[in-house]
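S.K.: Each chain, written out:
Protein chains: 2
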Amino acid sequence: MEKTYKVEGMTCGGCAQSVEKAIKGIAPTATVKVDLENKQVTVTGVEDDALVAQAVEGAGFDYEGPVSP
Amino acid sequence: MEKTYKVEGMTCGGCAQSVEKAIKGIAPTATVKVDLENKQVTVTGVEDDALVAQAVEGAGFDYEGPVSP
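Residue numbers (UniProt numbering), protein chains in the order written: chain A, 1 to 69; chain B, 1 to 69.
Be aware that one or more of the hints could be misleading.
No copy is singled out in the list; a pair is fine if it fits within one copy or between any two copies.
Claimed, not checked - In silico SDA-like cross-links for lysine to any residue, where the CA-CA straight-line distance does not exceed 20 Å:
{"hint": "1", "residue 1": "K21", "residue 2": "T11"}
{"hint": "2", "residue 1": "K39", "residue 2": "E64"}
{"hint": "3", "residue 1": "K33", "residue 2": "P66"}
{"hint": "4", "residue 1": "K21", "residue 2": "G9"}
{"hint": "5", "residue 1": "K3", "residue 2": "E64"}
{"hint": "6", "residue 1": "K21", "residue 2": "Q54"}
{"hint": "7", "residue 1": "K24", "residue 2": "G9"}
{"hint": "8", "residue 1": "K21", "residue 2": "L51"}
It is worth saying that the hints were derived from the structure and are not from the lab. All values derive from a computational prediction rather than experimental measurement.
Can you build the whole structure from these sequences, using the hints too?
M.R.: Pasting the structure below:
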């Protein structure tokens with residue numbers, strides 16, 4: 001299942017890579033796509049939003065919650 | 001004790017914040033200063049380089065080791 005989250009604080013490719021690595025650190029099989037312009041992260045393969053939140057916050061960015069489809 | 005490390009992959013303030021938060025996550029009492037221009041991170045209050053390496057790599061950046069004084 002693919003789900004998109006709002007994440008504040010990412011401003012460059014280094015930030016994007018950091019968020020991606022943090023999420024994959026918690027869920028190694030996940031697919032992560034970062035949209036810097038829209039401050040969104042799309043994750044496939046993680047069922048629990050709390051895990052995404054934990055990874056994002058742990059990497060130093062602000063997890064704002066899922067984006068309504 | 002203050003120690004400076006070379007860290008690659010940090011390009012903006014978001015990256016700097018991410019590295020700082022990761023190191024403080026592992027060592028809450030540490031002081032962390034990021035020098036983006038010189039790609040260096042100065043840490044006070046962490047004795048074990050391996051902890052800094054773990055935090056930096058966990059945040060998605062490349063730990064290159066201590067900088068010679």
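S.K.: Now look at each hint and say whether the structure bears it out.
M.R.: Quick rundown of the hints versus the structure:
1. K21 - T11: both (16 Å within a copy, 16 Å between copies)
2. K39 - E64: This pair counts as within: shortest intra-copy Cα distance 10 Å, inter-copy 29 Å.
3. K33 - P66: Cα proximity of K33 and P66: one copy only (14 Å, versus 32 Å across).
4. K21 - G9: So K21 and G9 pass the 20 Å test inside a copy (16 Å) and across (13 Å) alike.
5. K3 - E64: within (13 Å within a copy, 35 Å between copies)
6. K21 - Q54: both (13 Å within a copy, 13 Å between copies)
7. K24 - G9: This pair counts as both: shortest intra-copy Cα distance 19 Å, inter-copy 18 Å.
8. K21 - L51: both (13 Å within a copy, 18 Å between copies)
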